[in-house]
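J.: So you can see what is in the structure, the chains are spelled out below.
Protein chains: 2
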Amino acid sequence: MRWARIDLNGAPSYAVVEGETVIPVRGSPFDSWERTSQRLELNDVKLLVPVVPPTFYAAGMNYAEHVKEVAEKVGMTPKLPTQADIGYRANNALIAQGETIVIPADATEQVQYEGELVVVIGRRCKHLTRENALSAVFGYTIGNDVSERTWQKSDRTMWRSKNTDTFKPMGPWIETDLKLDDLITTIRLNGEKVFAFPTNHMIFGVVDYLVKMTTCLTLYPGDVVWMGTEGATLNMKHGDRIEVEISGIGTLSNPVVREGM
Amino acid sequence: MRWARIDLNGAPSYAVVEGETVIPVRGSPFDSWERTSQRLELNDVKLLVPVVPPTFYAAGMNYAEHVKEVAEKVGMTPKLPTQADIGYRANNALIAQGETIVIPADATEQVQYEGELVVVIGRRCKHLTRENALSAVFGYTIGNDVSERTWQKSDRTMWRSKNTDTFKPMGPWIETDLKLDDLITTIRLNGEKVFAFPTNHMIFGVVDYLVKMTTCLTLYPGDVVWMGTEGATLNMKHGDRIEVEISGIGTLSNPVVREGM
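Protein sequence lines, in the order shown, are assigned to chains A and B. Positions in the first sequence are counted from 1; adding 33 to them yields the numbering used here. Positions in the second sequence are counted from 1; adding 33 to them yields the numbering used here.
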């Protein structure tokens, strides 16, 4: 099942996506809901960020090749994480499918994409086990963890390197039926494939993270966990279009502009 | 003016606090509101976390003596921050005035308080200037940034050292009329004063942070910015009560238990 959040006459509404048809619902997939009688065309609909998370989690360094690439870029020795310590991103930076990534005027040219699988939590949970962890997952969407590498290196936190407004595209929708082992993440810059990787080849998988996190943290419906990206990443510049496709989910596509251009 | 959030017949409601009288309102102080005709006794009211922030910011290292103390504890060379790089905490960890800080069974004895001024944002804003930054502040409350020091040292992120469920007491209410330079933060453990410091003696002040943050980030009504703590901090153990008082705001008081005791 495919869940979108759409602009319905100026207000946000959840909706079921079936092929090219969008069916608004009353209520929320995280609570109770029922289909309305409306039928919209996907092409005519303004998609919103598929969920505004109560807490926005991100794994960060979670694919071996990427850890080495980033370490080189920020001038550190590469060090594979030895435990599934989750990190955080911020809601101010979220934008939806099709919305514009705006590079601040004072950013360097080192503004790069990171294509990521996003886990969406479906129920309040704590102390998950390896056996029941996936039962807490509502579905999956796609995230682009846009990063300004010089700020990532110079700053004490990732406040502007990762959380500048518009730096967290997420969407286009949430897919509830997926086999993680089958998925491929493909990244295209201006229509050209620049990288692809098996989505589930993570250092710590979804179950590892959810079990570890819920030893100390309660997860809530709508919380998201971004699972990290693989490989090297390239600069994006004014006028570019960046696409992250995950097979079985769809494609998250966003144009890029630089402020003041 | 003093704004609380209370449990009103099982649902959260904002309320004005006048002395020992609590007056529930319809609506929200961050939007439009009006007083109801109800009058409650402060002692009879269950206070909730005064605001659930869209984004939960925290300055971290922002008082000179504390930077030295923490560096020693985690085995690093003390290094004063050179720019106002904001960090993050997580909503799962929030508890209200009077609620219980629960130390996980596997935590060490190094679980410590940090008494902090909390800035509550009143309006959507970006690109604040030194002249208008304080106009974006709705008011101030108190936070206790409870921290497990061994996890803070061992983990790649602060997910469990700082964001374990119940590790972020905030309250008791929001005070809108304050002169920051007049404030004193006093910390009491089991009724005994263990530390006090001038609240506004920060490395980077409220204006510094808000101006810097809003170069890249949009702030939203209800966002909170925890401003850090000063000095050394002590362990809290099962059966303790920790209080953080800021003159002009009030006292945030929470009992401490250890899981399984």
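Careful, some of the hints might be misleading.
[Stated by the list, open to error] To spell it out: a stretch of chain A is covered by chain B in this simulated footprint if at least three of its residues, at any positions, have a beta carbon under 8 Å from a beta carbon of chain B; those stretches are:
no., stretch
1, 53-65
2, 193-203
[As the list claims (entries may be wrong)] Not the full set, but computed from the structure, chain A residues with beta-carbon under 7 Å of chain B:
no., residue
3, T110
4, L113
5, R189
6, P254
Don't read these hints as lab results, they were simulated from the structure. Quick caveat: nothing in here was measured; it's all calculated off a predicted structure. Positions of the beta carbon are idealized from the N, C-alpha and C atoms, including for glycine.
J.: Against chain B, does the stretch 193-203 of chain A show at least 3 residues with beta-carbon separation below 8 Å?
T.: With 4 residues closer than 8 Å to chain B, the stretch 193-203 of chain A meets the three-residue bar; holds.
J.: Does the interface hint hold: is T110 of chain A within less than 7 Å of chain B, judged Cβ to Cβ?
T.: 14 Å, violated
J.: Does R189 of chain A meet its interface restraint, that is, does its C-beta lie within less than 7 Å of any C-beta in chain B?
T.: 4 Å, holds
J.: Hint check: is the beta carbon of L113 of chain A less than 7 Å from a beta carbon of chain B?
T.: 11 Å, violated
J.: Count the residues of the stretch 53-65 of chain A whose CB lies closer than 8 Å to any CB of chain B, then report whether that count reaches three.
T.: violated (count 0)
J.: Verify the interface restraint on P254 of chain A: the C-beta must sit less than 7 Å from at least one C-beta of chain B.
T.: Cβ of P254 of chain A sits 12 Å from chain B, so the hint is violated.
The structure fails to meet hints 1, 3, 4, 6 from the earlier list, while all remaining hints are met.
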